[in-house]
Amino acid sequence: MSDEKKPQERVGVYVCHCGTNIAGVVNVAEVSEWAGREMAKEGVVVARDYKFMCSSLGQELIQKDIKEHGLTRVVVAACSPHLHEKTFRTACNGGGLNPYLCELVSIREQVSWVHTDKSAATEKAKAIVAGGVRRVVHHEPLEPLHVPIHPATLVVGGGIAGIQAALEIAEAGYPVYLVEREPTIGGHMAQFDKTFPTLDCSACILTPKMVDAGNHPNITLLTYSEVEKVDGYVGNFVVTIRKRARSVNEELCTGCGICWEKCPKKVIDDKFEAGLGYRKAVYVPFPQAVPKYPVIDRENCTYYQKGTCKACEKFCPTGAIDFAQEDQVMTVEVGNILLATGWQLFDARKIPNYGYGRLANVFTSLEFERLSNAAGPTGGNIVLRDGKTVPKSVAIVHCVGSRDKNYNNYCSAICCMQSLKFAHLVKEKTGATVYNFYIDIRTPGKGYDEFYQRLIEEGTLFVRGKVAEITDAARNPGEEGKLIVQVEDTLVGKQRRIPVDMVILSAGLEPQPDAKEVAKKFGISCSADGFYIERHPKLDPVATMTEGIYLAGCVQGPKDIPSSVAQGAAAAARIVGKIQQKEIALEPVRATVNQEQCSGCRICNNLCPFNAILFHEDRMVSEVNPALCQGCGTCVAACPAGAISGTGFSNEQILSQIEGLLMLNLSSKEAAAA
Amino acid sequence: MSKPKFAMYWAASCGGCEIAVLNIHEKILDVDANFEVVFWPVAMDAKYKDVEAMEDGSILLTLFNGGIRNDENEHIAKLLRKKSQILVAFGSCACEGCIPGLANFSPIQQVVDTAFSTVSTDNPENVRPQPSYDMPEGTIHIPTLYPVLRTLDQVVDVDYYMPGCPPESHQIAAVIDLVIQVLQGKAQLPPKGSVIGAGGSTVCDECKRKRNEKTIKEFGRIQLMHADPELCLLEQGIPCNGPATRSGCNARCPSAGAQCIGCYGPAEGVVDYGARLVSAFASVIDSNDPAEIDRILDGLVDPAGQFYRFNLAGSLLRAAKPAWKSGD
Ligand SMILES: Cc1cc2nc3c(=O)[nH]c(=O)nc-3n(C[C@H](O)[C@H](O)[C@H](O)COP(=O)(O)OP(=O)(O)OC[C@H]3O[C@@H](n4cnc5c(N)ncnc54)[C@H](O)[C@@H]3O)c2cc1C
Ligand code: SF4
Ligand code: SF4
Ligand code: SF4
Chain A
81 MSDEKKPQER
91 VGVYVCHCGT
101 NIAGVVNVAE
111 VSEWAGREMA
121 KEGVVVARDY
131 KFMCSSLGQE
141 LIQKDIKEHG
151 LTRVVVAACS
161 PHLHEKTFRT
171 ACNGGGLNPY
181 LCELVSIREQ
191 VSWVHTDKSA
201 ATEKAKAIVA
211 GGVRRVVHHE
221 PLEPLHVPIH
231 PATLVVGGGI
241 AGIQAALEIA
251 EAGYPVYLVE
261 REPTIGGHMA
271 QFDKTFPTLD
281 CSACILTPKM
291 VDAGNHPNIT
301 LLTYSEVEKV
311 DGYVGNFVVT
321 IRKRARSVNE
331 ELCTGCGICW
341 EKCPKKVIDD
351 KFEAGLGYRK
361 AVYVPFPQAV
371 PKYPVIDREN
381 CTYYQKGTCK
391 ACEKFCPTGA
401 IDFAQEDQVM
411 TVEVGNILLA
421 TGWQLFDARK
431 IPNYGYGRLA
441 NVFTSLEFER
451 LSNAAGPTGG
461 NIVLRDGKTV
471 PKSVAIVHCV
481 GSRDKNYNNY
491 CSAICCMQSL
501 KFAHLVKEKT
511 GATVYNFYID
521 IRTPGKGYDE
531 FYQRLIEEGT
541 LFVRGKVAEI
551 TDAARNPGEE
561 GKLIVQVEDT
571 LVGKQRRIPV
581 DMVILSAGLE
591 PQPDAKEVAK
601 KFGISCSADG
611 FYIERHPKLD
621 PVATMTEGIY
631 LAGCVQGPKD
641 IPSSVAQGAA
651 AAARIVGKIQ
661 QKEIALEPVR
671 ATVNQEQCSG
681 CRICNNLCPF
691 NAILFHEDRM
701 VSEVNPALCQ
711 GCGTCVAACP
721 AGAISGTGFS
731 NEQILSQIEG
741 LLMLNLSSKE
751 AAAA
Chain B
326 MSKPKFAMYW
336 AASCGGCEIA
346 VLNIHEKILD
356 VDANFEVVFW
366 PVAMDAKYKD
376 VEAMEDGSIL
386 LTLFNGGIRN
396 DENEHIAKLL
406 RKKSQILVAF
416 GSCACEGCIP
426 GLANFSPIQQ
436 VVDTAFSTVS
446 TDNPENVRPQ
456 PSYDMPEGTI
466 HIPTLYPVLR
476 TLDQVVDVDY
486 YMPGCPPESH
496 QIAAVIDLVI
506 QVLQGKAQLP
516 PKGSVIGAGG
526 STVCDECKRK
536 RNEKTIKEFG
546 RIQLMHADPE
556 LCLLEQGIPC
566 NGPATRSGCN
576 ARCPSAGAQC
586 IGCYGPAEGV
596 VDYGARLVSA
606 FASVIDSNDP
616 AEIDRILDGL
626 VDPAGQFYRF
636 NLAGSLLRAA
646 KPAWKSGD
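Residue numbers (our numbering), protein chains in the order written: chain A, 81 to 754; chain B, 326 to 653.
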């Protein structure tokens, strides 16, 4: 590198105080003076520090210098590019400088927030500035890529979050494909009896929305369907969807219900009825299902399994049963995608000492919802597993599988309120004594703590402590034939054994079992626990790091219905806003393979999260499709031949930055050479 | 007209580069026909003072092999730089430090202690070499060891780089041919700073083995495996450095059934060979489970040797240890 030309660029360096965020730890004045003096030979012509670079005054400072000092490059040492890269690029643009000639280096997240030694932090800030200056001189002016946005949207998951979003986008006048893998939309909310804290009937508030979604002219409902493949990129996704064969011709079916009445094959419904009730082999999950058409569950249908029966076909008045129907694979083009695939219940069997699956009268929360639901298998009677005994005492165990480092560390957010709801329902319907076993009661939500107060007044008993065991082994008089809840009551400070008739486990919310594969399919990232990662946890909770892909509801993390609906609506607003722009500017950061240098080693072939890399067998070289590449840099870093280079992230840029960072450590000869 | 002058020197190296030059067989006669060999310690008798007496720039071509280990190496490097028009860093040691450069992992005292106390060292008084020693005849000197080994271009300006441990004879012959053609006005020299006598891609480019998308579940040692002779070694879990190593050797090792160990150094534009290779291997490890990944990586028994065998002294890692300024 010793013989490269000295840069002829005129660089301006701006060191931000960020109030005391940076200035409290880094001597910002020293950094800017140092840059002005020591980096002059690297092209720095002005260096300043300023209280808030992101303020309009800070930005104007840059713009003024661009004009007065003829700056050709700008380095801002402030916060992370995540936050303000766009701000400073836009400022440069306003000053007449191509926005990509600006480099934002972080001395807040990477320095002041993580160090306490002021002089060492100041030295580190200098090194980071030096890296930025070394890098920025290699920047090239770039123009954003403009691509049109397809007006249609794909919504995956027809729970309350997905339904809300689909309706809002459709109402705004744009087409929506709503893909749901179950035979009906509605999601988990359709299973519930009442909803906290207002105790309105879940079906009463949900089904009108389901019907609206089913009837909306702008919504194409694709139930019993799943996304197989996603190609393309923001504005222009091409999505392959498999619509599984229902074995029912939707054109002819009127939803009259004769088929499921006549079907002789009863199947335990472990989906909608949580295993407590039955359905037929041809079925709709529940009477208000949308769409109204049944499906034949081929794994359980006698005809599919044994070759005879066809009762449904015989009785169907419109001849809608179609045993030969095949899956339909279709592709749709959409501009944006919303993932609202929700949650699954933590499997309480994983905690053997709670006895679920072994002790008959230990129920999960979803089972209880069905027990309590007037449309459920017991007609809303809260009874023990025998189907008739009304419990006289009920234990509700909070945080099952949540806030527990053996299972999930996180709080499932809804279980406290859901447990309180159950306590109320049990009390109201059976008059039983109800115990709530909790670690902490968490009721932050509108009307939530008031609901808790109401429960206390209703006489629900609260025991603070993590339940150790639920057993049917009686030790003391009065325990025979009961379930005994063994717990350390931390308020009283002693072990207690509380005998009850019924236990309800408030199991936590977990990501869907296929969350990781689905994330991969859509090119977004999952956190370690499997929930999808939003672009910014506070400021951008419904977008993802992948342009054009949005999140709503529990797919992003456990939450209640109001928050799921709010996210659905927020995501819809974001998407509609994008569609209305008609065009989207993409970061012009793309990878390219130098065909001469590529050895065809195929290291990169499997790596691209956007499937942008293809391998030419004939020439034994790899190539990046620029229309698919999102510039993530994965392949650039992986290519051992250095054959792939990313715009804005060339080897030269990165290495110069590293050299800048290490400047004080490299030999003086090398440091002097630019 | 007198013939253009040629020199070749060995600094910290094993001598293999010299043999490789002689191994060009009858082509060596072309060297003799076209050049006057003025300095080549391994092949002819010459004194440093003869070189010192030469006019600056009077040697047309100097092939310098070996790294800069001591003050003598440095002195001759600087001397030959001054006297030569074209200075070529010849072979892996001069280009990137090679095996002698691996000593940079250890403090120099430890290196010396190891060298003078091995089982096969006959050193009953456990002496260590001293830079100067008083004898009845006067004081004698030996060169002073530096705390780290440096590459040639970390000491002087280098015109061309010729990689390989040693460079392949056919490549040496081709370079000599080229220089002769330049002398005859039939060809032009490549731009200063270029790598010569090597390819522009990596070893895989010349390797004939079949290859697929790579997914590695296990690394193994070649001597313990029955490798498929047709299939890419890396895909079989044998840590082949071919993907990161500059082409030019005709994929000698993989063709012979052994993995590439990287003697031709990094590909064009790549500064840190080891980092490149680490990130390439890491990219194709087929697991998301940290414990399993650790287990897979345990299959790489000697990571330093795997990734930095030839290029430690030239790698970016050197910046972590500014040893030649501070002692060690
Ligand atoms: C027992 C219990 C009681 C609760 N009670 C209340 C309450 O009273 N009040 C309240 O505010 N909150 C309550 N909650 C929380 C509430 O369930 C959630 O807030 C809500 O269900 C979130 O909706 P969603 O649309 O994000 O997810 P879901 O309801 O899970 O919907 C997701 C939908 O996506 C579909 N899907 C999943 N993967 C795919 C795929 N790959 N392709 C296509 N479709 C897919 C699913 O089939 C489902 O229909 C309760 C939770 C529990 C466990
Ligand atoms: S930079 Fe490489 S890995 Fe990333 S999107 Fe582009 S082609 Fe794919
Ligand atoms: S990793 Fe690099 S050299 Fe290997 S196939 Fe991909 S582009 Fe070519
Ligand atoms: S990794 Fe090794 S064996 Fe595989 S193609 Fe490259 S050089 Fe050949």
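No lab work stands behind these hints, which were simulated from the structure alone. Worth double-checking, as some hints may not be accurate.
Quick list of in silico lysine-lysine cross-link-like pairs, DSS-like style, CA-CA up to 30 angstroms [claimed, not checked]:
id: 1; chain 1: B; residue 1: K330; chain 2: A; residue 2: K309
id: 2; chain 1: A; residue 1: K121; chain 2: B; residue 2: K372
id: 3; chain 1: A; residue 1: K274; chain 2: A; residue 2: K394
id: 4; chain 1: B; residue 1: K542; chain 2: B; residue 2: K511
id: 5; chain 1: A; residue 1: K394; chain 2: A; residue 2: K346
id: 6; chain 1: B; residue 1: K328; chain 2: B; residue 2: K403
id: 7; chain 1: A; residue 1: K430; chain 2: A; residue 2: K485
id: 8; chain 1: A; residue 1: K166; chain 2: A; residue 2: K526
id: 9; chain 1: B; residue 1: K535; chain 2: B; residue 2: K352
id: 10; chain 1: B; residue 1: K352; chain 2: B; residue 2: K328
id: 11; chain 1: A; residue 1: K121; chain 2: B; residue 2: K511
id: 12; chain 1: B; residue 1: K407; chain 2: A; residue 2: K121
id: 13; chain 1: A; residue 1: K574; chain 2: A; residue 2: K596
id: 14; chain 1: A; residue 1: K351; chain 2: A; residue 2: K472
id: 15; chain 1: B; residue 1: K330; chain 2: B; residue 2: K535
id: 16; chain 1: A; residue 1: K601; chain 2: A; residue 2: K274
id: 17; chain 1: A; residue 1: K601; chain 2: B; residue 2: K542
id: 18; chain 1: B; residue 1: K352; chain 2: A; residue 2: K596
id: 19; chain 1: A; residue 1: K601; chain 2: A; residue 2: K430
id: 20; chain 1: A; residue 1: K596; chain 2: A; residue 2: K485
id: 21; chain 1: A; residue 1: K121; chain 2: A; residue 2: K274
id: 22; chain 1: A; residue 1: K600; chain 2: B; residue 2: K535
id: 23; chain 1: A; residue 1: K274; chain 2: A; residue 2: K600
id: 24; chain 1: A; residue 1: K600; chain 2: B; residue 2: K542
How the hints compare with the structure:
1. B:K330 x A:K309: violated (67 angstroms)
2. A:K121 x B:K372: Outside the cut-off at roughly 43 angstroms; violated.
3. A:K274 x A:K394: violated (39 angstroms)
4. B:K542 x B:K511: violated (52 angstroms)
5. A:K394 x A:K346: holds (18 angstroms)
6. B:K328 x B:K403: With a Cα-Cα distance of about 24 angstroms, the restraint between K328 (chain B) and K403 (chain B) holds, given a limit of 30 angstroms.
7. A:K430 x A:K485: holds (13 angstroms)
8. A:K166 x A:K526: violated (36 angstroms)
9. B:K535 x B:K352: violated (35 angstroms)
10. B:K352 x B:K328: holds (17 angstroms)
11. A:K121 x B:K511: Roughly 42 angstroms separates the two Cα atoms, so the pair is violated.
12. B:K407 x A:K121: Measuring from Cα to Cα gives roughly 28 angstroms; hence the hint holds.
13. A:K574 x A:K596: Since the Cα atoms of K574 (chain A) and K596 (chain A) sit roughly 43 angstroms apart, the hinted pair is violated (cutoff 30 angstroms).
14. A:K351 x A:K472: Judged against 30 angstroms, a Cα distance of about 28 angstroms means the pair holds.
15. B:K330 x B:K535: Distance ~46 angstroms between K330 (chain B) and K535 (chain B) Cα, so the pair is violated.
16. A:K601 x A:K274: This hinted pair is violated, its Cα atoms lying about 35 angstroms apart.
17. A:K601 x B:K542: It holds: about 22 angstroms lies between the C-alpha atoms, which stays within 30 angstroms.
18. B:K352 x A:K596: The hint is violated at about 62 angstroms.
19. A:K601 x A:K430: OK: K601 (chain A) and K430 (chain A) at ~29 angstroms, within 30 angstroms.
20. A:K596 x A:K485: Holds - the C-alpha atoms of K485 (chain A) and K596 (chain A) are around 21 angstroms apart, at most 30 angstroms.
21. A:K121 x A:K274: violated (72 angstroms)
22. A:K600 x B:K535: holds (29 angstroms)
23. A:K274 x A:K600: violated (36 angstroms)
24. A:K600 x B:K542: With a Cα-Cα distance of about 20 angstroms, the restraint between K600 (chain A) and K542 (chain B) holds, given a limit of 30 angstroms.
Checked against the numbered hints given earlier, the structure breaks hints 1, 2, 3, 4, 8, 9, 11, 13, 15, 16, 18, 21, 23 and satisfies all the rest.
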